[in-house]
Amino acid sequence: MRKYWEMMKSQIKIDTTYSAWYWAGTVSMLLKMLLVYAFWHAVYENRASVNDMPLHAMITYVVLAMLLNNYVAGVGVQLAGQVRDGSVAIELMRPYNLLDKLVALDLGTKITGTIREGLPLLLIAYLFIGIDAPATWTALPLSIASAAMGVLIGTQLDLVLGVAAFWLHYIWGLHTLRSAFLLFFTGALAPVSMFPDWLRTASGFMPFQSMVYVPAAIYTGQLAGGDALTAILVQAGWLVFIYAAIRFSWKLAIRKVVIFGG
Amino acid sequence: MISVNGLSKHYRIASREPGLTGAVKGLFSREYTIKRAVDDISFRIEQGEMVGYIGANGAGKSTTIKMLCGILTPSSGEVTVNGLVPYRDRKRNASQIGAVFGQRSQLFWDIAVRESYELLKHIYEIPEREFKETIAMFAEVLQLEPLMGMAARQLSLGQKMRCELAAAFLHNPSIVYLDEPTIGLDVAVKARIREFIKEMNRLRETTVILTTHDMQDIEEICKRILIIDEGKVLYDGSIQSIKDRFGHKRVVHFELEAEGGFAFELPEPLIGLAESAVGEEGRVSLTFSNQAVTAADVISAMMQSYRVRDLTIADPTIESIVQELYERGI
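Sequence order for the protein chains is G and V. For the first sequence, our numbering begins at 1 and goes up steadily by one. For the second sequence, our numbering begins at 1001 and goes up steadily by one.
Chain V extracted, bound-state conformation:
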């Protein structure tokens, strides 16, 4: 169980005047500006929850995760993870968490994957029997068997990420932090990784905290999301309720038969209900609220006025919602 209360982290950043004079001045005296990377956030996460922690780059996600892991000391506020204060009890906290950082490997570069796992077994003091069972299961679910004898440097990105994931879950941690676990992977590997994460959560009630820019990850894995922006919590709640609140906006893209010049006009029944955006070569997008008018009505109104060659209905994605949140606030 994770409990965060009024947590803040402020960085002091040395600001330099530009140019050579500034550089020389900087050697003698420096002025600092305070950056509030995380600014008074609070939340609770129960055991077994899978939470998507999202925000733009530099919103304060990593800083929060680092404080939860105990590798960054907060400027103020409280944080406890399973009753431990991470930065005070870093080593004990470390033995109950696992992590995958998409851009940083925790496997040993030069030795076989199997040996990396053997070493992790000793590091986390995993009993031999438990270790064997876990490895056997992971090898099956993530299809690791052919990779076991290879060195990490010989693996492709997808193979490596599967191995990393197994490494993070190896010691049956109660919490796993996943930072961009699917970055740069193909669809099949992504699906396998998501499946694995869900399976682990089901079998072992592992708490999963996922930071990602891939909204598909979030929608498939998490029930709850925390959106953070400029160090503050912008939204904390279920994916469903944010969809209900913001997701009533729908967009239908039309491709119309348009030989010769043509000027698009909104069909009469839709005036005041939908907004249109006209693109090149007869492309038209209509945006409307599905509380005011149904998609079916919009389409039939369009079909009556124009010859429609093709149309697509865009699903409301978390991505578009988040974008709206970033731009407009809540």
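Only chain G is shown next, with the shape it has when bound in the complex:
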């Protein structure tokens, strides 16, 4: 366990190496928020609510969604690259589980990301944009738990890309498809509750909404009481399932491993 902890710390060191790059992340995040703010204001120009959501609730949702959307990507592309250029060979010669290492690095990056983008965004959103407080006093801890689960799901799910590279050798297509899928089905663009019925049902059968929609909707109160608890249980189910599936296919991949190049 200790070694993975140290890896996470080293990743944080790496992320903070380039300070210009570090603050550029903060600035671009704030710009994005302004854009989203202006966009939804324009949408609400001539009406009080869209789909039963008043403007302030929508802004709250969208800001949170933007925040959470930062955590959906992971290190799958990095793993895929290592498989492709053969440097995974060196990784496999080390006495650790590469998947666990990648998860540690990913969490390290996400911690830096939280400090660099997440917290400034929240602070500014509270101070200047005026997003709502949590819907109820239980909504805050529930949404934090749900968000943590969402982050872990995102980290694991992203590894699918990397493991797929063992079979596909080239995953650019899959990567593009994934990005489109994620943007839409996580609820990062708009709340899943605004989807047409059939799409909402379809989305319910996929793990993507666990990453953004569920925690944000718990916070805003769109998912409350029993629904919220069920949603969190479903998240936990997905996490266990994806974790197990990835480990299993990783074992298969290693068994048939062919190292390219070199």
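Treat the hints as calculated values from the structure; they're not laboratory data. Don't be surprised by glycine CBs; every beta carbon is placed ideally from N, CA and C. Don't take every hint at face value.
BS3-like, lysine-lysine: derived pairs with alpha carbons at most 25 Å apart [what the hints assert, rightly or not]: (1) G:K101 x G:K3; (2) V:K1035 x V:K1232; (3) G:K101 x G:K13; (4) V:K1035 x V:K1025; (5) V:K1160 x V:K1132; (6) G:K9 x V:K1132; (7) V:K1091 x G:K251; (8) V:K1223 x V:K1190; (9) V:K1160 x V:K1198; (10) G:K13 x V:K1025; (11) G:K13 x G:K3; (12) V:K1223 x V:K1243; (13) G:K101 x V:K1160; (14) G:K13 x V:K1160; (15) V:K1243 x V:K1190; (16) V:K1232 x V:K1243; (17) V:K1160 x G:K3; (18) G:K9 x V:K1160; (19) G:K101 x V:K1243; (20) G:K9 x V:K1091; (21) V:K1190 x V:K1232; (22) G:K3 x V:K1132; (23) V:K1223 x V:K1249; (24) G:K3 x G:K251; (25) V:K1198 x V:K1223; (26) V:K1025 x V:K1132; (27) G:K251 x G:K101; (28) G:K9 x G:K101; (29) V:K1243 x V:K1198; (30) V:K1091 x G:K3.
Quick list of the computed label-pair ranges, beta carbon to beta carbon [to be verified]: (31) V:H1213 x G:W167: 29 to 39 Å; (32) V:Q1103 x G:W167: 45 to 55 Å; (33) G:F248 x V:E1145: 42 to 52 Å; (34) G:D100 x V:N1005: 32 to 42 Å; (35) G:F248 x V:S1095: 18 to 28 Å; (36) G:A145 x V:Q1143: 47 to 57 Å; (37) G:T16 x V:Q1103: 22 to 32 Å; (38) G:T138 x V:S1095: 46 to 56 Å; (39) G:T138 x V:D1089: 20 to 30 Å.
Based on the hints, put chain V in the right spot on chain G.
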């Protein structure tokens, strides 16, 4: 101790027909050809041996090393490293081996070398005291002290290779695989690296398996060589005995005084004993077996017949022997 028995690795390579039609066909059905990268090889390496593993590009060296490291599963045959089957016990095997791949870095690109070592300490679970002692010694032998605070990306090739080497030996592995550790380095750095490897072997009885195209490396470090070609072991034995078997061929290069036209003829005593190759501007190379005639005799015979401006005696190198092996077989 490494034991390899009837080890083979076959790759399936998709072969495509040329052109656009071929490319489209390839999307639906593919034909495969089998490449035998490693074909039924066997050898044993004892603890503390330093073995040169050589062969032309694509001979199967890397494939063998990868199977020894457990990152490639053999198609057939047995391999054990210190009693472990590497591909089944990859992680346990990994903690007792070290490796340097000349073209791939294992240091972290963006953080200081010292931090990379700190991380390796945790990864290999090296006790703090042992780690400190090792680092202190490596820093002295490889002169790492000034490099410790720099990030890997700031190092020159020679500096980086010294750091890589220290990283490979840091956790006191029982076996170290070195793949082209001196590629592209200047003579001084090469010498230091060879010295370090020999020192490690002496102090810790580390088994070293060295693949390289630099014959100087092999001659200075290894006592035993394994030559592999087209996936098969071509030679396995001491450097001395291969030199004795193949190295009796000697070459002397002469530069002769040659004003005006001149036609070279082999001096009478050497006829039938030496072969000549005539180059430009009075250069002549004589090839002979040192069992039939000594170099001294060849030179004195030449001096009597021609005015010799300069001469060099070429040493039999492993390189020339290996080349001969590749070309003629054993």
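- Item | C-beta pair G:T138, V:D1089: status relative to the range 20 to 30 Å that was hinted | Between G:T138 and V:D1089, where Cβ atoms are some 49 Å apart, the hint is violated.
- Query: Could one say that the CB atoms of G:T16 and V:Q1103 fall in the range 22 to 32 Å?
  - Reply: holds, 29 Å
- Message: For V:K1243 and V:K1190, compute the direct alpha-carbon distance and say whether it is at most 25 Å.
- Response: holds, 23 Å
- Message: Please verify whether G:K3 and V:K1132 have alpha carbons no more than 25 Å apart.
- Response: It holds: about 18 Å lies between the C-alpha atoms, which stays within 25 Å.
- With a cut-off of 25 Å on the C-alpha distance, tell me whether G:K13 and V:K1160 pass. Within the cut-off at roughly 20 Å; holds.
- Query: Can the suggested window of 18 to 28 Å be confirmed for the beta-carbon pair G:F248 and V:S1095?
  - Reply: holds, 24 Å
- Straight-line Cα separation of V:K1232 and V:K1243 no greater than 25 Å? OK: V:K1232 and V:K1243 at ~21 Å, within 25 Å.
- Message: Against the range 42 to 52 Å, how does the distance between the Cβ atoms of G:F248 and V:E1145 compare: consistent or not?
- Response: holds, 47 Å
- Okay, G:D100 versus V:N1005 on CB: inside 32 to 42 Å? About 33 Å separates the Cβ atoms of G:D100 and V:N1005, which means 32 to 42 Å holds.
- Message: Given the hinted pair V:K1160 and G:K3, is their Cα-Cα distance within 25 Å?
- Response: The given pair, whose Cα atoms are some 24 Å apart, holds under the 25 Å limit.
- Query: Is G:K9 close enough to V:K1132, meaning Cα to Cα at most 25 Å?
  - Reply: holds, 21 Å
- Message: Check the hint pairing G:K101 with V:K1243 against an upper bound of 25 Å on the C-alpha distance.
- Response: violated, 48 Å
Figure legend: structure checked against the earlier numbered hints; hints not met, in rising order: 10, 19, 21, 26, 32 and 39.
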